[in-house]
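For the protein sequence lines, the chains are A, B and C, in the order given.
The first sequence begins at 1 in the numbering used here and counts up one residue at a time.
The second sequence begins at 1 in the numbering used here and counts up one residue at a time.
The third sequence begins at 1 in the numbering used here and counts up one residue at a time.
Because the hints were derived from the structure by calculation, they are not lab data.
Check each hint, because a few of them may be wrong.
[Said to hold, decoys possible] Facing chain C, from chain B, some residues (calculated, C-beta under 8 Å):
(1) Ser38
(2) Ser125
(3) Gly231
(4) Pro233
(5) Glu251
[Claimed, not checked] Straight line, CA to CA, 27 Å or less: simulated BS3-like cross-link-like pairs of lysine-lysine:
(6) A:Lys194 x B:Lys6
(7) C:Lys285 x B:Lys141
(8) B:Lys277 x A:Lys106
Virtual Cβ for every residue (Gly too), placed ideally from N, Cα, C.
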Amino acid sequence: MGKLYTFLKYFFITIWTVFVVAPFLWALTTSFKDFNSVNGGVTYIPWVDFEPNLEGWRVLIKSPAEGGVDIVEPYFNSLFVTCTASLISIILGTLSAYALSRYTFKAGPIKNNDITFFFISQRIMPPIVLSIPFFLFLGAVNLLDSLIGLIVVYIVLLMPIAVWIMVDFFNKVPREIDETALIDGCNPYQAFFKVVLPNSIPGLIVAGMFCIIFGWIDFFFAFILTFTEVQLLPVKIVALNSSITPWWSLSASALVSVAPLIVVAFIVERYLSKGNLSGAIK
Amino acid sequence: MNFKHKYIFLFPGLFVLIGILIFPIIFVVRLSLSGWNSYNGLNFIGLENYIRLFTDDPRFWESFFRLSFLSVTTVVLQYVIGFALAHMVWKEIKFQRFFRVLFLIPMMTTPVIMTVIWRTFFHESLGPVNDILGNFGLSPKWLTDPTLAKFTVIIVEVWQWTPFMFLLLLAGLLSLPKEPFLAAAIDGASPVRKFIYVTFPLMAPISIGAIIIRLIEASKIMDTVYVLTSGGPGTSTETSSFYIFIKGLREFQMGYAASMSFTYLIIMIISLTVIAKVLTKLLLKD
Amino acid sequence: MKIIKTCLSAMISGILIFSPAYADKWSDQFPHIKATGDIPGDCSYEEISKKNYKGKTLKINTHAVPVIGQPTALHAEQFAKLTGATVDVTHTPAGDLYAKAMVPFKAGQAPYDIVFGFSNFINDWRQYLAPVPKKYMNTKEMKDVTKSHVGVSSWDGTMYQYPVDGDRHYLKYRKDVIDNPEMQKKYKADTGKELKVPTTWKEYGEMAKYFNGWDWDGDGEKEYGSAEVMKKDDLMFAAFFSRSVAYAKNPRTPGGFFFDLETMKPNVNNPGFVEALTDWVEATKYVPPGGINFGLGDEIGSFGGGQTLFSFSWDDAFIAAMQDDSPIKNKVGTAPLPGADKVWNRVTGKWENQYNQAPYIVWGWAVGVAKKSKVQEMAFDYLCFFSNGANHQADLAIGNFGVNPFKNSDFDPNLYIDTMGWDKEIAESYTKTLKDMEKSKNRVFPLRVRGVFEFTSAVATGTSKALAGQLSPQEALDEVAKEWEAIVKRVGKSAVQEDYAVGVKMEDNKL
Numbered sequence: 001m002g003k004l005y006t007f008l009k010y011f012f013i014t015i016w017t018v019f020v021v022a023p024f025l026w027a028l029t030t031s032f033k034d035f036n037s038v039n040g041g042v043t044y045i046p047w048v049d050f051e052p053n054l055e056g057w058r059v060l061i062k063s064p065a066e067g068g069v070d071i072v073e074p075y076f077n078s079l080f081v082t083c084t085a086s087l088i089s090i091i092l093g094t095l096s097a098y099a100l101s102r103y104t105f106k107a108g109p110i111k112n113n114d115i116t117f118f119f120i121s122q123r124i125m126p127p128i129v130l131s132i133p134f135f136l137f138l139g140a141v142n143l144l145d146s147l148i149g150l151i152v153v154y155i156v157l158l159m160p161i162a163v164w165i166m167v168d169f170f171n172k173v174p175r176e177i178d179e180t181a182l183i184d185g186c187n188p189y190q191a192f193f194k195v196v197l198p199n200s201i202p203g204l205i206v207a208g209m210f211c212i213i214f215g216w217i218d219f220f221f222a223f224i225l226t227f228t229e230v231q232l233l234p235v236k237i238v239a240l241n242s243s244i245t246p247w248w249s250l251s252a253s254a255l256v257s258v259a260p261l262i263v264v265a266f267i268v269e270r271y272l273s274k275g276n277l278s279g280a281i282k
Numbered sequence: 001m002n003f004k005h006k007y008i009f010l011f012p013g014l015f016v017l018i019g020i021l022i023f024p025i026i027f028v029v030r031l032s033l034s035g036w037n038s039y040n041g042l043n044f045i046g047l048e049n050y051i052r053l054f055t056d057d058p059r060f061w062e063s064f065f066r067l068s069f070l071s072v073t074t075v076v077l078q079y080v081i082g083f084a085l086a087h088m089v090w091k092e093i094k095f096q097r098f099f100r101v102l103f104l105i106p107m108m109t110t111p112v113i114m115t116v117i118w119r120t121f122f123h124e125s126l127g128p129v130n131d132i133l134g135n136f137g138l139s140p141k142w143l144t145d146p147t148l149a150k151f152t153v154i155i156v157e158v159w160q161w162t163p164f165m166f167l168l169l170l171a172g173l174l175s176l177p178k179e180p181f182l183a184a185a186i187d188g189a190s191p192v193r194k195f196i197y198v199t200f201p202l203m204a205p206i207s208i209g210a211i212i213i214r215l216i217e218a219s220k221i222m223d224t225v226y227v228l229t230s231g232g233p234g235t236s237t238e239t240s241s242f243y244i245f246i247k248g249l250r251e252f253q254m255g256y257a258a259s260m261s262f263t264y265l266i267i268m269i270i271s272l273t274v275i276a277k278v279l280t281k282l283l284l285k286d
Numbered sequence: 001m002k003i004i005k006t007c008l009s010a011m012i013s014g015i016l017i018f019s020p021a022y023a024d025k026w027s028d029q030f031p032h033i034k035a036t037g038d039i040p041g042d043c044s045y046e047e048i049s050k051k052n053y054k055g056k057t058l059k060i061n062t063h064a065v066p067v068i069g070q071p072t073a074l075h076a077e078q079f080a081k082l083t084g085a086t087v088d089v090t091h092t093p094a095g096d097l098y099a100k101a102m103v104p105f106k107a108g109q110a111p112y113d114i115v116f117g118f119s120n121f122i123n124d125w126r127q128y129l130a131p132v133p134k135k136y137m138n139t140k141e142m143k144d145v146t147k148s149h150v151g152v153s154s155w156d157g158t159m160y161q162y163p164v165d166g167d168r169h170y171l172k173y174r175k176d177v178i179d180n181p182e183m184q185k186k187y188k189a190d191t192g193k194e195l196k197v198p199t200t201w202k203e204y205g206e207m208a209k210y211f212n213g214w215d216w217d218g219d220g221e222k223e224y225g226s227a228e229v230m231k232k233d234d235l236m237f238a239a240f241f242s243r244s245v246a247y248a249k250n251p252r253t254p255g256g257f258f259f260d261l262e263t264m265k266p267n268v269n270n271p272g273f274v275e276a277l278t279d280w281v282e283a284t285k286y287v288p289p290g291g292i293n294f295g296l297g298d299e300i301g302s303f304g305g306g307q308t309l310f311s312f313s314w315d316d317a318f319i320a321a322m323q324d325d326s327p328i329k330n331k332v333g334t335a336p337l338p339g340a341d342k343v344w345n346r347v348t349g350k351w352e353n354q355y356n357q358a359p360y361i362v363w364g365w366a367v368g369v370a371k372k373s374k375v376q377e378m379a380f381d382y383l384c385f386f387s388n389g390a391n392h393q394a395d396l397a398i399g400n401f402g403v404n405p406f407k408n409s410d411f412d413p414n415l416y417i418d419t420m421g422w423d424k425e426i427a428e429s430y431t432k433t434l435k436d437m438e439k440s441k442n443r444v445f446p447l448r449v450r451g452v453f454e455f456t457s458a459v460a461t462g463t464s465k466a467l468a469g470q471l472s473p474q475e476a477l478d479e480v481a482k483e484w485e486a487i488v489k490r491v492g493k494s495a496v497q498e499d500y501a502v503g504v505k506m507e508d509n510k511l
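Taking the hints into account, I'd like the entire structure generated from these sequences.
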């Protein structure tokens, strides 16, 4: 029984690992190809199947006049917008989530669950049509084509995720913790910041990671709401899609754009384990 | 507990959200009552768009059912696989950290870009998949067979978003209390029984949350379809959000697209509420 | 050798433009034009350098790099250097160009001074664009633009889009197969027919089918018949119309190709179009695996990479095949789009059994200046500079720039032989193919009525269902026609009629 389980476990994990890694490997080898080695037939191994070249990577730092897309500035724009919007969303979202988890709200037929659902329902609307009013709205307050404008929009996109996830996690932190703290003489804010929050680190980490991911990979709003001053990474990369689809530079850019988030993944993994410990201490 | 505090916690987030969204939402409703398109401005045409949608647009409803199929299938697959993976790397395993990080990575790729890689991956004459399968005399039409194309979309979606489930469920597993497991161990429960009677019920609340949020996201599926097949062959992979995209940004029938979006929003809110209720009944019985 | 070539081409183009050209101070500063040096004209380097736009900013939205996007950025850099202006350029994929500019237009804003797009956007965009001022209409450069490209850029005589590129669909074929005596013998033996450049779509289909699925160029990979844009996206309808013109554009029935101008009844489901769609459905049997999911990028890669015998649509696939590092350089040829042995007469409602061929002057790159722009003069100066003699010739020579011939002086084969190393025969047939399209009296221009994307999107959906086998060609086109009628009704019959009349005037050679 145990052996069979272990075997199945490793078997499944191996299959999944191959599935996860395969497209990245394909992207890696493709990023060193050129038009002819892509279109002449399927090739895999550089130097054996095809003559590798660095054009796909060079394109990412060359200026448009030389046939590239310069992704350096958009890269930092993306990092800045994503991190700022995630941070604000997490702060606001966590506070709201805490309220929804600990207190009862009632306004006519509207109860806690409905308010929570209201938050998450903001993500249901397809972005295509929302783009027009957002455009007008940002235009009216003069924030089109600016980092702040994008941050404002991203807060709307990200906060619901933070609220939704944090409500779940707060529900799991036993109420006795807050109550003990309150009896010990803390005010509700101290109880929240000093006692509840430290016990919810896994939740914060997960929510934070989702905010960062959803901010980082958004293409559509960044595309509609910016013109020339501010460019985010996905928009810039998609601009590689000319009449000829450059498999090579798109592959390179896919790898480049995922890189910073891998660092985030390592941090997340570390804190997830820590959360386990703090849960045990309780 | 004190009444005032709860509002101080809730309101900043709630009001920021409402403050930013109130205008766009009202505007979408207003837009849906207009014939706003490439040649008309924000005129008022009453319910004409809605009448057209409900009486004269089978394509929208077809795409909606296709969407329901795609999103339910992908989310179920993601949940099952995600749970399995999370359960496997939950306890001690070799290279635990490596696997945990690796399984997270697919969701960090930007869909519009990553799907281009997938398209080349499944390219029927220049991609590696059919090149390798070709050695065994197989050449599945990943992107050009109406049925298989749907599954290709599902494969890509599962690849990209299983990590989402995986992370939520792993975090859930890691923060489970120890006592029930100790109790089960004392009773000498088998691993299977332990899973059914201890782990799974404890994971139910977070599972429901994860499934709902994934259903919402999966229903917006758009980049994947756009890049892989543009809704083809024929209309066999066209989903609601992609159809709204065509009508809205390609044909620029913004008024009509708004009425579709609004209808879609209402349907989704109703069905998600029902799904959440049903799931809660099913999973939280104990 | 290279230097001699360069000098030679400089001399030839010099003679061509009736002015002496040589490496000069401008080509020292701007190596892009080293082949010709500056060519005198109203927007030459010399003239533009006299302008001073210091402190002013020009904002441009253009296509993705490199096609059109790279020359835009390059000329922006040069323009900035010459005039002291700041030029900001953003790059957007083709499919999104329309929305990217249309959203701000509709919101009453003009974030871009110059917007790139396609010539069939003209009707939706013209209310937001500034007409080209007289001053620029009278430049030496503008006088050189061919009549049909002036027509494509103009709306009823007023030019809204500045000509910077010329586009049309034509046939590309593998010369090393079609002109190969052994292949000709083999083909004759197997089919009893001559192997030659196809002049009808039926011949095209027969040859493509014969050369489908085996390794006919001996490179170890299988080759296929034809690469076409069959993916249901923004370009698919153009491929369908390219196939339809042969059967449905009858020079003896003026008054509309897409609609009957008088009644505004769609023609799109008449037997001519149905025949074309039937051919196209047949074509799914001789495209490479996955071919019905090919977008323009795939088509270019497939033909340009030597995978197929034929291809038809824009220049790109041919240019890609003629790149210096291409394995099939100088092994490809061009010809007009195939025709048909019969043509539908929608007045008599009968087939006419006579040969018919019609060039499709497909929409191509177009660019306009926003009406709300505060720097209109600078914007027009930039566009004029973009397509000045020296820049245009240098751009033409770089395949992936996507700048194609649209000036009368471009139809000189020597241009391609000298600067791009094409075989004489290929260059001659290329320029002849293009020139003949200009001369033809049976041309079809793009549909440019208001809400044009509603119409073309309906075509893409319908034809795509037929290609996927969901509907028969007749059913599919009936559906398209029904959809078109609904759109006409929604938009207003007289409005569409009024718009369409402008296009018909050009088709009927009355403009």
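Verification of the supplied hints:
no. : hint                : result
1   : Ser38               : holds (4 Å)
2   : Ser125              : holds (4 Å)
3   : Gly231              : holds (6 Å)
4   : Pro233              : holds (3 Å)
5   : Glu251              : holds (5 Å)
6   : A:Lys194 x B:Lys6   : holds (17 Å)
7   : C:Lys285 x B:Lys141 : holds (13 Å)
8   : B:Lys277 x A:Lys106 : holds (20 Å)
Every hint from the earlier list agrees with this structure, and none is contradicted.
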